[in-house]
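Participant: The primary structure of each chain is shown beneath.
2 protein chains.
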Amino acid sequence: MSIINKAAAIGGGVIGAGWVARLLLNGIDVSIFDPDPEASRKVGEVMKGARRAYKQMVPSGLPREGKLTFAKTIAEAVADADFIQESVPERLDLKHRVLAEIDAHAPANAIVGSSTSGIKPTDMQVAMKKHPERLVVGHPFNPVYLLPLVEIVGGEQTFPEAIEVAKEMYASIGMKPVVIRKEIEAFVGDRLLEAAWREALWLIKDGICTVEELDDIMRYGFGLRWAQMGMFQVYRVAGGEAGMRHFMAQFGPCLKWPWTKLMDVPEFNDELVDLIATQSDDQAHGLSIRELEKIRDDNLVAIMDALSKQNKGKGWGAGALHKDYTKQLAKLAAKKPTASKAAEKAKAGKPVKKAEKPKKKKKG
Amino acid sequence: MSIINKAAAIGGGVIGAGWVARLLLNGIDVSIFDPDPEASRKVGEVMKGARRAYKQMVPSGLPREGKLTFAKTIAEAVADADFIQESVPERLDLKHRVLAEIDAHAPANAIVGSSTSGIKPTDMQVAMKKHPERLVVGHPFNPVYLLPLVEIVGGEQTFPEAIEVAKEMYASIGMKPVVIRKEIEAFVGDRLLEAAWREALWLIKDGICTVEELDDIMRYGFGLRWAQMGMFQVYRVAGGEAGMRHFMAQFGPCLKWPWTKLMDVPEFNDELVDLIATQSDDQAHGLSIRELEKIRDDNLVAIMDALSKQNKGKGWGAGALHKDYTKQLAKLAAKKPTASKAAEKAKAGKPVKKAEKPKKKKKG
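Which chain is which? The protein sequence lines are H and V, in order. In case it helps, UniProt numbering puts the first sequence at residues 1 to 364. In case it helps, UniProt numbering puts the second sequence at residues 1 to 364.
Be a bit skeptical, because a hint or two may be false.
Which copy is meant is left open, because identical chains are indistinguishable; a pair holds if it fits in one copy or across any two.
[What the hints assert, rightly or not] Dumping the calculated DMTMM-like pairs for lysine to aspartate or glutamate here, alpha-carbon to alpha-carbon at most 20 angstroms:
id, residue 1, residue 2
1, Lys314, Asp36
2, Lys309, Asp297
3, Lys312, Asp297
4, Lys309, Glu291
5, Lys167, Glu212
6, Lys95, Glu213
7, Lys314, Glu271
8, Lys48, Asp270
9, Lys323, Glu161
10, Lys294, Glu185
11, Lys182, Glu164
12, Lys331, Glu185
13, Lys323, Asp305
14, Lys314, Asp274
15, Lys294, Asp305
16, Lys312, Asp270
17, Lys95, Asp305
18, Lys67, Glu164
19, Lys309, Glu38
20, Lys205, Glu185
21, Lys205, Asp282
22, Lys205, Asp281
23, Lys205, Glu183
For the record, the hints were derived by calculation from the structure and aren't laboratory data. Everything numeric in this text was worked out from a predicted model, so none of it was measured.
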């Protein structure tokens, strides 16, 4: 199993900071680069929320946190990292500049993951002159420190070995890697999200419902199903004794009915933005983003914890993973002395192995 | 608050039987009509599953179950009902025949709910010659006995008062009614589901992922979010300190990117059905539909129970409702003697008030 010894995060927005939080809480040192003068405060806020959630997950005590360093350049951030996660805005020119810089200065054996929600790795890795073969998309879901899913996508130049190592590295920090079989824009998660989002915009724009009503329709309805089984297995069960074929025969024809507006894209103008933003303010019922964030995190921890006790105690889906993850964190906490300066120093001085290509490392 | 004194269910498939289970477990007598010779066995199976789930929800003991009667005709089933739920297959001609029959024989003040996933009530109520004004769509989500959501939609002839009474009746059996503001095909829930389903079929057909991988992407990722906050509030929080407007500005443009295949419909041929059915078999890992159903129900109860303890103990979303619902069931159980034949008889003989139009009834 490949593990992460030293990580670098390029970009400290909501997603980048979420990665930083997950890594630090797993006891891994992280060097971050973000030109935003507010970066330190923003990462601190995310870290505070993540620490709070993890304390609920592992009441017996958390592992010693990794050390966070703010680097002045990308070169400095990636210098001794074996895992680098890029989370800069979704512009191909920016991704190219950042990845070229990472590639030029990172150890040759480091894995480079991109948080992009939709850009194809093949289109990004052309900017990497030295080792394009170690780029993978590692697309997470917000909040990164809690949601386990990471979509792994390789480009034309990506080595299968790099995908394997990335998979193990993400799994080592409690995640559920799903390798996408063929490279397409937006991969799988964001295709489904975009489809629903586009339809949702139509429904709001046409006054069929408000954002609060639409959200309620999700969270009192199919959202509860999808937290534990995806749509295919849900439909398999819904098919009753006759199963999937019966379900498909029954619902196949609706595809031809006028049940969606998907043939067109709503115009994304100020009026629509205003409508949605205003309705969203109403929906919040005075709760601040920070308060909503806490509620969201508490809910996610509670759901995963509840699922961890299902399936005859073996746990189910994200709950089974959650069970293993919290056990792993507790074990790590038991092993390491809490906040030992000496241990930190010793760790910082540990040499990082270098190699020409990504290769599997055995857990120490 | 209008409550249901005596219910009729027309159609006993997965959805119809789910309604029967919810009603009976709330202590309400139900008369069902379904021409399927297997109907009794099938409803019995669903009832067994529902009873099992409800026992977990209310460990202190369930209310005395309502009495289930199998009627030989629609006329017999609806004769003394004040709430009638139609759950026959999605064919307009069939809906017309069934609704005409219900309308001809039901008490004038009875509310008629249709479980249709997408047919407009205006198109259905033309078949009701006596009281089309009391038809509403009451679209539930499977499993009906557990998922709280019911979309209520009125047609052109529906009285606002009927919508109000229906809303109260559904709420009285632990549901979350959401009234859809404008009548459209497939309402809100199934528009979102259709959008995601259509995209999912493309992803499977094109070999981007298998049904198991797609399901994992949902249940380890955004499914966990949607069980407690819908997409708009999730995105509000994801926008970070800048909130919804920031999020919209950032993600608005992706609508124009080639992130979905939604402009077209995949051909629904045998090849696609085979591909999906085979992958679905693999995904089940040998678990039967019944076993999966139990797991699903246990998971749903556990998730709602977990959410009932959040938000400083007040409960959140479906969890807050679940808290009230389980309390209500426990209270009902404490009031009524268990399985008293005398009480059953007394109840069966109670006269049902009739009125010309749907009107609000006070809780007895």
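Participant: Decide, hint by hint, whether the structure agrees.
Facilitator: Evaluated hints:
no. : hint             : result
1   : Lys314 to Asp36  : neither (44 angstroms within a copy, 39 angstroms between copies)
2   : Lys309 to Asp297 : both (19 angstroms within a copy, 13 angstroms between copies)
3   : Lys312 to Asp297 : between (26 angstroms within a copy, 13 angstroms between copies)
4   : Lys309 to Glu291 : between (28 angstroms within a copy, 17 angstroms between copies)
5   : Lys167 to Glu212 : between (37 angstroms within a copy, 17 angstroms between copies)
6   : Lys95 to Glu213  : neither (37 angstroms within a copy, 27 angstroms between copies)
7   : Lys314 to Glu271 : neither (50 angstroms within a copy, 36 angstroms between copies)
8   : Lys48 to Asp270  : neither (34 angstroms within a copy, 52 angstroms between copies)
9   : Lys323 to Glu161 : neither (28 angstroms within a copy, 50 angstroms between copies)
10  : Lys294 to Glu185 : neither (32 angstroms within a copy, 37 angstroms between copies)
11  : Lys182 to Glu164 : within (16 angstroms within a copy, 50 angstroms between copies)
12  : Lys331 to Glu185 : neither (39 angstroms within a copy, 53 angstroms between copies)
13  : Lys323 to Asp305 : both (7 angstroms within a copy, 18 angstroms between copies)
14  : Lys314 to Asp274 : neither (47 angstroms within a copy, 31 angstroms between copies)
15  : Lys294 to Asp305 : both (16 angstroms within a copy, 19 angstroms between copies)
16  : Lys312 to Asp270 : neither (51 angstroms within a copy, 37 angstroms between copies)
17  : Lys95 to Asp305  : neither (37 angstroms within a copy, 44 angstroms between copies)
18  : Lys67 to Glu164  : neither (27 angstroms within a copy, 58 angstroms between copies)
19  : Lys309 to Glu38  : neither (41 angstroms within a copy, 36 angstroms between copies)
20  : Lys205 to Glu185 : between (26 angstroms within a copy, 16 angstroms between copies)
21  : Lys205 to Asp282 : within (16 angstroms within a copy, 41 angstroms between copies)
22  : Lys205 to Asp281 : within (16 angstroms within a copy, 40 angstroms between copies)
23  : Lys205 to Glu183 : between (33 angstroms within a copy, 14 angstroms between copies)
Of the numbered hints given earlier, the model fails hints 1, 6, 7, 8, 9, 10, 12, 14, 16, 17, 18 and 19; all others are met.
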